[in-house]
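First to last, the sequence lines map onto chains V and Y.
Using numbering that gives the first Met the number 0, read the first sequence as starting at 0 and increasing by one per residue.
Using numbering that gives the first Met the number 0, read the second sequence as starting at 0 and increasing by one per residue.
Just so you know, not all the hints are guaranteed correct.
[As the list claims (entries may be wrong)] Residues on chain V that point at chain Y, a partial pick, calculated with CB under 10 Å:
1. N107
2. L136
3. A313
Treat the hints as calculated values from the structure; they're not laboratory data.
Please read all numbers here as calculations on a predicted model, not as lab measurements.
Where a beta carbon is used, it is the ideal one built from N, C-alpha and C, also for glycine.
Protein chains: 2
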Amino acid sequence: MAEIHGVKFVLCLSFSLLLNLYFLWTSTRSVKELSWSKGAAVEAEVVASVSCSGHGRAFLDGVLVDGKPMCECNSCYVGADCSHFLDGCIADADSGDPLFLEPFWMKNAASSAVVVAGWHRMSYSFRDSHTRTSNELENHIRLLHAVIGNAVTEGRYIVIGVGSTQLLSAAVHALSPNGSASPAKLYKAQTKYFNSEDSKWQGDTSLWENSTSLSKNTTDTSATFVEFVTSPNNPDGKLMKAVLDGSSVKTIYDHAYYWPHFTAIEAPADENVMIFTLSKVTGHAGSRFGWAVVKDKDVYERIAQYINLNILVATHDTQLRALKLLSVALKGGGKELFGFGYKAMRHRWKKLSRSLSKSSRFSLQNLEPMYCTYFEEVTGPSPAYAWLKCEREEDKDCHEVLKSAGIIGREGSVFGAESRYVRLSLLKGQDDFDWLLERIDALVSQEYGSRSI
Amino acid sequence: MAEIHGVKFVLCLSFSLLLNLYFLWTSTRSVKELSWSKGAAVEAEVVASVSCSGHGRAFLDGVLVDGKPMCECNSCYVGADCSHFLDGCIADADSGDPLFLEPFWMKNAASSAVVVAGWHRMSYSFRDSHTRTSNELENHIRLLHAVIGNAVTEGRYIVIGVGSTQLLSAAVHALSPNGSASPAKLYKAQTKYFNSEDSKWQGDTSLWENSTSLSKNTTDTSATFVEFVTSPNNPDGKLMKAVLDGSSVKTIYDHAYYWPHFTAIEAPADENVMIFTLSKVTGHAGSRFGWAVVKDKDVYERIAQYINLNILVATHDTQLRALKLLSVALKGGGKELFGFGYKAMRHRWKKLSRSLSKSSRFSLQNLEPMYCTYFEEVTGPSPAYAWLKCEREEDKDCHEVLKSAGIIGREGSVFGAESRYVRLSLLKGQDDFDWLLERIDALVSQEYGSRSI
Numbered sequence: 000m001a002e003i004h005g006v007k008f009v010l011c012l013s014f015s016l017l018l019n020l021y022f023l024w025t026s027t028r029s030v031k032e033l034s035w036s037k038g039a040a041v042e043a044e045v046v047a048s049v050s051c052s053g054h055g056r057a058f059l060d061g062v063l064v065d066g067k068p069m070c071e072c073n074s075c076y077v078g079a080d081c082s083h084f085l086d087g088c089i090a091d092a093d094s095g096d097p098l099f100l101e102p103f104w105m106k107n108a109a110s111s112a113v114v115v116a117g118w119h120r121m122s123y124s125f126r127d128s129h130t131r132t133s134n135e136l137e138n139h140i141r142l143l144h145a146v147i148g149n150a151v152t153e154g155r156y157i158v159i160g161v162g163s164t165q166l167l168s169a170a171v172h173a174l175s176p177n178g179s180a181s182p183a184k185l186y187k188a189q190t191k192y193f194n195s196e197d198s199k200w201q202g203d204t205s206l207w208e209n210s211t212s213l214s215k216n217t218t219d220t221s222a223t224f225v226e227f228v229t230s231p232n233n234p235d236g237k238l239m240k241a242v243l244d245g246s247s248v249k250t251i252y253d254h255a256y257y258w259p260h261f262t263a264i265e266a267p268a269d270e271n272v273m274i275f276t277l278s279k280v281t282g283h284a285g286s287r288f289g290w291a292v293v294k295d296k297d298v299y300e301r302i303a304q305y306i307n308l309n310i311l312v313a314t315h316d317t318q319l320r321a322l323k324l325l326s327v328a329l330k331g332g333g334k335e336l337f338g339f340g341y342k343a344m345r346h347r348w349k350k351l352s353r354s355l356s357k358s359s360r361f362s363l364q365n366l367e368p369m370y371c372t373y374f375e376e377v378t379g380p381s382p383a384y385a386w387l388k389c390e391r392e393e394d395k396d397c398h399e400v401l402k403s404a405g406i407i408g409r410e411g412s413v414f415g416a417e418s419r420y421v422r423l424s425l426l427k428g429q430d431d432f433d434w435l436l437e438r439i440d441a442l443v444s445q446e447y448g449s450r451s452i
Numbered sequence: 000m001a002e003i004h005g006v007k008f009v010l011c012l013s014f015s016l017l018l019n020l021y022f023l024w025t026s027t028r029s030v031k032e033l034s035w036s037k038g039a040a041v042e043a044e045v046v047a048s049v050s051c052s053g054h055g056r057a058f059l060d061g062v063l064v065d066g067k068p069m070c071e072c073n074s075c076y077v078g079a080d081c082s083h084f085l086d087g088c089i090a091d092a093d094s095g096d097p098l099f100l101e102p103f104w105m106k107n108a109a110s111s112a113v114v115v116a117g118w119h120r121m122s123y124s125f126r127d128s129h130t131r132t133s134n135e136l137e138n139h140i141r142l143l144h145a146v147i148g149n150a151v152t153e154g155r156y157i158v159i160g161v162g163s164t165q166l167l168s169a170a171v172h173a174l175s176p177n178g179s180a181s182p183a184k185l186y187k188a189q190t191k192y193f194n195s196e197d198s199k200w201q202g203d204t205s206l207w208e209n210s211t212s213l214s215k216n217t218t219d220t221s222a223t224f225v226e227f228v229t230s231p232n233n234p235d236g237k238l239m240k241a242v243l244d245g246s247s248v249k250t251i252y253d254h255a256y257y258w259p260h261f262t263a264i265e266a267p268a269d270e271n272v273m274i275f276t277l278s279k280v281t282g283h284a285g286s287r288f289g290w291a292v293v294k295d296k297d298v299y300e301r302i303a304q305y306i307n308l309n310i311l312v313a314t315h316d317t318q319l320r321a322l323k324l325l326s327v328a329l330k331g332g333g334k335e336l337f338g339f340g341y342k343a344m345r346h347r348w349k350k351l352s353r354s355l356s357k358s359s360r361f362s363l364q365n366l367e368p369m370y371c372t373y374f375e376e377v378t379g380p381s382p383a384y385a386w387l388k389c390e391r392e393e394d395k396d397c398h399e400v401l402k403s404a405g406i407i408g409r410e411g412s413v414f415g416a417e418s419r420y421v422r423l424s425l426l427k428g429q430d431d432f433d434w435l436l437e438r439i440d441a442l443v444s445q446e447y448g449s450r451s452i
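Sequences and hints are given; from them, build the entire structure.
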């Protein structure tokens, strides 16, 4: 018996020791695996775990209260934990802040996090190649276009910049006559941002189409014309083609919204100069990262030179993060991100359409279902913005009508349209959309008298 | 005995269980501590552990070979692990790539790493404040200037931008007459980068000082003059003051190098518009992060507006990283980073000076020891660049003389000087400096005939 107990004792001890050793080994190994990065990882997870009632978020670089980053609340929410809704709050649907994708990145936290070492890419250049763009990043961009089928990139040049704003300036510069006495004439609302010797803003394209000889297939060599084509269009989400034509006309395609979140993909775009931005693909507006896909080598070099003089190089920190985000975007052939994005935007459009279908005072742009080569099926509209029209004769200032109902949109005049149009952003966070919809519902119900308020 | 064994057995089991439970608990806790961030942390440490023989580095966004980022070698080194020195390699001392600080960040890996979550600051703005700059970051910038004593920031505005390149453009824009028929006239080499309606490059300041009425204390109201003052000066490291004066003269101080690494701090600078860049403080050139300290509210707002139109906002990814880097820079009252930086630059200057002291063919700029208010002692020169002069009558093209000895510098003409001057960068990585010094030693030894080669 003693013998048996002794054997059991030894066995128990050995087993326990082995188990202890195993745990010791695994914890040591985990410490070994994580040395210098561990503190930063813990710090990030602590901040991420701060509870803001689902109506806000704490960030690593947020304002500290008692050494802890405080909650930054969504619009209309206040309080230390963002739990209090502000009565009478205005529904702000002005900006195109793409926070509808934030939940996707919360869900994909593990695959989308990046650790930036203190010594990461301190140099201006990448050491070996003396280039200033990550090859891997460029490959990911090409791969994404191939997978989604929204742009041809084979044999094209890619240049990256700080968001599409800067790339648009760079492209105008690249397409303008160098040192010419008559600068390029520009067409499209963005032009108010430019003020350089190279370019002069000439107004909305449609005005020029009628009043000059620059309609399709005519040639005017006295000046260079640069036309911006935003497709899908901002504000109304329709796919667009160039209006002007001729040897003196250069066209810049802003394809910021040409992704399955917002539109059916018709075919790979194959234009001379096409501009994209991370902001509307992954939703990272704050990273300020865009790229141009360019056919012509000279134009590519002039764009790259402009960016080089303007900022030297796109920040390496963002290049690293963009690489990681695009690698997640590519997962499952893109179906995870773009499936999520399309579903979210489609749902919002349906809800808003249903709400406004009861109204005769307000109408929305008409968007038809289309066959999407990416999803391989007919998809219903899922635009980034609603292009609302006030139909009543007396509602000339639609922005004002909405404002008095507690809704802020962007005036139609910003897009060269009548003031009876207003753009409403549908791609902000869920709280913003929910509150916008409530205000719209309330406004529509007024049409049927006080009983339905 | 059986009883005793039984007690022992229970005790052993309990103890073992407790020990097991303890390890189980600690590993669970550590898993709990690190959930979503762990993969990214492991990934970063694996890449950091790639050995490149001390002559290169692997980066997270490097080109992959067999799924692993490959070594990116320092200049003159090649091979899969960068262990092979390229015979006859040219010593490239052209660029101001501040890699002399890389070892500091390797040493401070744990405190300087940052984990960027996939959902980190996707929005254009910071939620609560609707600002686009982190308050904590701005506070860190102010604190750093206060600790180092190199600039007054109390009651001043701070605006951040993409490196100092963009801020210089923005400041010129802000100081130029708005829509005026006669644009601002600019003085300093940087002006070749600008090409806008607002400004025209007029040449080197010293030419104007003599040839126009714009010497000190005269007033010319017919035009606006913008003078750039780089202090410490690039290339020669001397502290500079404005040359032009008068009510029509605006001055922009580029204080990129006004840090204890490169110069004794005389007193807190207190100019109207002062520009700084992270590149020359922490060495992170690739992050493209700069800031302007501005006295006048109107000028501040025009700079901010220019940056807003140009890029909308400085990338949030870099803001987060800059915050972390500056918090490390502030450790120990800045003594760790600036102590390291000064020591490194001082050592290089001494070595180069000693080497060239044997030469009558080449000379260096003369820099005197000065009292540094930051280190609270007299410090010897530690400039970012050597401003080398070829003294021999026949060595008119100094750049060519050096080139044929296997050294690439930057031509004096780039800085408006004679071609018998060349700028040599002293702030690159250690391999670059070591090889430069060897080439210089070899060149100097030629003066004494073949015996000493």
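Structure-based check of each hint:
no., hint, result
1, N107, "holds (6 Å)"
2, L136, "holds (6 Å)"
3, A313, "holds (7 Å)"
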